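*Asks:* Here's the letter readout for the chains.
2 protein chains.
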Amino acid sequence: MASSLESLLSSYGRPALVNSVLPALLDAISEIGTLLRESQNVTLAGTNNVFGDGQLNVDVSTENAMRKALAKCPSVLTASSEEDPIERPASDSQTKDAATTSEQYTVAFDPLDGSSIIAPNWTVGTIIGIWDGASALHQNPTEKQIASVLGVHGPRTTAVVALRIPGTKPILFELGINNGSQDYEIVRSDVKLAAPPFKTRYFAPANLRAAGEYEPYMRLITYFIEEKYTLRYIGGLVPDLVHALVKGHGVYVSPVTDKHKAKLRRLYELLPIALIMECAGGKAIDSATGEDILSRPLGDCNETGGLICGTAEDVDIVKKMLLS
Amino acid sequence: MASSLESLLSSYGRPALVNSVLPALLDAISEIGTLLRESQNVTLAGTNNVFGDGQLNVDVSTENAMRKALAKCPSVLTASSEEDPIERPASDSQTKDAATTSEQYTVAFDPLDGSSIIAPNWTVGTIIGIWDGASALHQNPTEKQIASVLGVHGPRTTAVVALRIPGTKPILFELGINNGSQDYEIVRSDVKLAAPPFKTRYFAPANLRAAGEYEPYMRLITYFIEEKYTLRYIGGLVPDLVHALVKGHGVYVSPVTDKHKAKLRRLYELLPIALIMECAGGKAIDSATGEDILSRPLGDCNETGGLICGTAEDVDIVKKMLLS
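Residue numbers (my numbering), protein chains in the order written: chain A, 2 to 325; chain B, 2 to 325.
These are computed hints drawn from the structure, not numbers from a lab.
Please read these numbers as outputs of a predicted model, since none were measured by experiment.
One or more hints might be untrue.
As the list claims (entries may be wrong) - With a straight-line cut-off of 25 Å between C-alpha atoms, the simulated SDA-like cross-links for lysine to any residue are: (1) Lys260/B / Thr201/A; (2) Lys229/A / Ser116/B; (3) Lys229/A / Thr258/B; (4) Lys262/B / Asp293/B.
As the list claims (entries may be wrong) - To give an idea of the interface, some chain B residues facing chain A are shown, with a C-beta separation under 10 Å as derived from the structure: (5) Gly155; (6) Thr158; (7) Glu227.
Said to hold, decoys possible - Calculated from the model, a selection of chain B residues having no Cβ within reach of chain A, i.e. all distances over 10 Å: (8) Ser103; (9) Ala289; (10) Gly291.
We put the CB at the ideal spot given by N, CA and C, even for glycine.
The whole structure should be built from the sequences, with the hints applied where relevant.
*Replies:* And the structure:
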């Protein structure tokens with residue numbers, strides 16, 4: 002299983018990434034899947050009779066699974082997470098190990114995205130961005146964020162992995178992740194959004210309440226309905242975007258208005274997602290500015306933004322209707 | 002684990018139902034969860050490069066898990082499913098066994114509801130209705146459909162179980178289902194939709210494309226947006242309805258129009274769901290007629306209908322806007 006991953010990625014000339022970092026992250030996603038499966042009492046969070054720390058336990062245990070995996074990788078110098086958004090050494094011993102590897106990475110992750118839908122047992126996700134060098138801050142995201150991973154925790158555990166290393170051909174593939182260590186299979190080796198004409202068109206309108214105050218968003222929703230797009234909206238970034246990648250079409254819209262501020266984290270959500278979408282042949286732009294998500298360096302781990310992403314043609318339509 | 006289920010249900014005077022039929026069905030739901038977890042290649046169904054029988058395999062294996070479980074229950078005389086919608090003896094030996102039990106049941110089930118969202122690894126479900134007697138046909142559903150179960154296959158395996166036996170107090174509870182046989186825990190022993198005022202109101206508009214041609218549906222959507230309801234719509238009956246049960250509020254609308262015919266199966270979908278919703282203190286009506294789903298006997302296993310269900314106040318609002 003692991004060997005097929007190695008052979009898929011052998012030409013990238015990044016042995017530590019391919020043989021150490023990605024396997025460790027995929028094992029952490031597998032472990033997070035197991036943790037979720039065994040956390041029946043997480044159901045209590047989000048209901049009226051919350052016991053208080055069910056949900057917190059899952060947040061903590063999934064964060065720990067990621068931290069433990071990263072600490073095992075000598076080439077990962079720096080890590081930060083949505084739960085603890087400060088870049089720190091990924092392990093206590095990293096300083097001496099760093100000297101022994103020519104690859105040096107920074108990993109930014111959100112271990113459990115979609116906390117509002119954990120209680121009803123809906124699919125949730127893990128988001129990971131991998132950067133060349135000792136920090137994600139003040140770097141050119143297009144060049145330096147060289148990989149990202151979306152872990153999907155649903156009836157199965159799956160993952161979508163993007164690699165875009167300067168000078169090589171970008172690749173986006175889907176894995177099925179089983180229970181054991183490094184037990185995964187390549188389900189699709191080349192994930193691409195479809196080209197028109199589309200059989201079915203999908204839309205996922207986040208924060209739909211904003212359409213009540215923001216006329217362009219209401220017009221956009223009406224447009225989707227009249228043009229017979231199919232609605233699919235979980236309200237979890239990972240499952241909503243992976244739906245588009247699996248179906249071959251989709252547009253996700255999270256608008257920013259005067260009343261509805263940008264709230265998606267650039268480092269832990271927007272930048273990894275944008276790499277995935279671009280590797281799928283799609284686009285990802287900030288709904289606050291219209292700029293490509295990847296066009297602007299990150300100044301701070303807590304920066305936020307809005308999101309329009311998915312099939313390129315539809316991102317352009319949405320941009321025109323919301324931002325011009 | 003199983004003993005807590007027995008103690009919760011001991012007062013119902015239905016030993017075969019409580020000690021044999023429900024445990025067998027919950028074990029089948031657990032097995033279906035395992036089958037889904039191990040079916041990585043189901044991902045291929047619903048994509049452009051379908052291998053043909055990945056999805057079919059899961060349909061067949063989950064159907065078999067249910068049939069095998071039912072064949073073990075001497076009190077289950079008759080079974081039918083969405084995959085094979087004809088009432089038949091539940092096991093080869095049922096005739097002689099039937100004489101030995103005073104409880105006699107008919108089970109109707111949909112082993113895997115939500116096939117369109119299996120490929121993207123979204124939460125799907127199993128729907129089961131349990132009827133008193135040797136057939137579900139031409140019976141009064143309110144009196145004769147005495148139990149229903151929704152199995153939820155997401156990051157965890159969970160189930161919502163309703164019992165409404167004439168002469169006893171209805172009960173609706175949620176279980177966490179683990180891997181082993183009869184290994185489940187009661188997560189909430191009394192599931193109820195909340196009373197107003199609601200903290201957050203949710204809506205799930207099925208077949209939203211119909212709003213493009215059917216003006217009342219478009220007005221309803223606009224109403225939800227202006228009233229600041231939160232959109233959550235997976236497009237799978239089980240996860241969409243369980244969301245409402247866990248959050249304490251929700252309204253699901255699947256309209257029937259001239260162009261969009263009633264397509265939900267009454268026996269395998271609408272009737273079991275209606276019992277769950279009524280036991281939660283909510284309502285379930287047919288969007289084609291406005292009648293309570295449970296008010297009309299079933300004439301045929303293939304009958305279909307539309308659906309408006311969830312919080313009673315909201316079902317009334319939707320009924321008024323769509324049907325008057």
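*Asks:* With a cut-off of 25 Å on the C-alpha distance, tell me whether Lys260/B and Thr201/A pass.
*Replies:* Between Lys260/B and Thr201/A the Cα gap is close to 18 Å, so the pair holds against 25 Å.
*Asks:* Verify this label for me: Ala289/B is non-interface relative to chain A, using a Cβ-Cβ cutoff of 10 Å.
*Replies:* For Ala289/B, whose nearest Cβ neighbour in chain A is about 21 Å away, the distance exceeds 10 Å, so it holds.
*Asks:* Taking only the CA atoms, is the gap from Lys229/A to Thr258/B under or equal to 25 Å?
*Replies:* OK: Lys229/A and Thr258/B at ~15 Å, within 25 Å.
*Asks:* Any CB of chain A closer than 10 Å to the CB of Glu227/B?
*Replies:* holds (5 Å)
*Asks:* Taking 10 Å as the cut and beta carbons as the points, is Gly291/B off the interface with chain A?
*Replies:* Answer for Gly291/B: holds, closest chain A Cβ roughly 24 Å.
*Asks:* Is the straight-line distance between the alpha-carbon of Lys229/A and that of Ser116/B 25 Å or less?
*Replies:* holds (21 Å)
*Asks:* Between the alpha carbons of Lys262/B and Asp293/B, is the straight-line distance 25 Å or under?
*Replies:* holds (18 Å)
*Asks:* Check the non-interface label on Ser103/B: least C-beta distance to chain A beyond 10 Å or not.
*Replies:* holds (34 Å)
*Asks:* Please check whether Thr158/B passes as an interface residue: C-beta within 10 Å of a C-beta belonging to chain A.
*Replies:* Hint on Thr158/B: holds, closest Cβ of chain A at ~8 Å, below 10 Å.
*Asks:* Next item in the hint list is Gly155/B. Is there a CB on chain A closer than 10 Å to its CB?
*Replies:* holds (4 Å)
The structure is consistent with each of the numbered hints, conforming to all of them.
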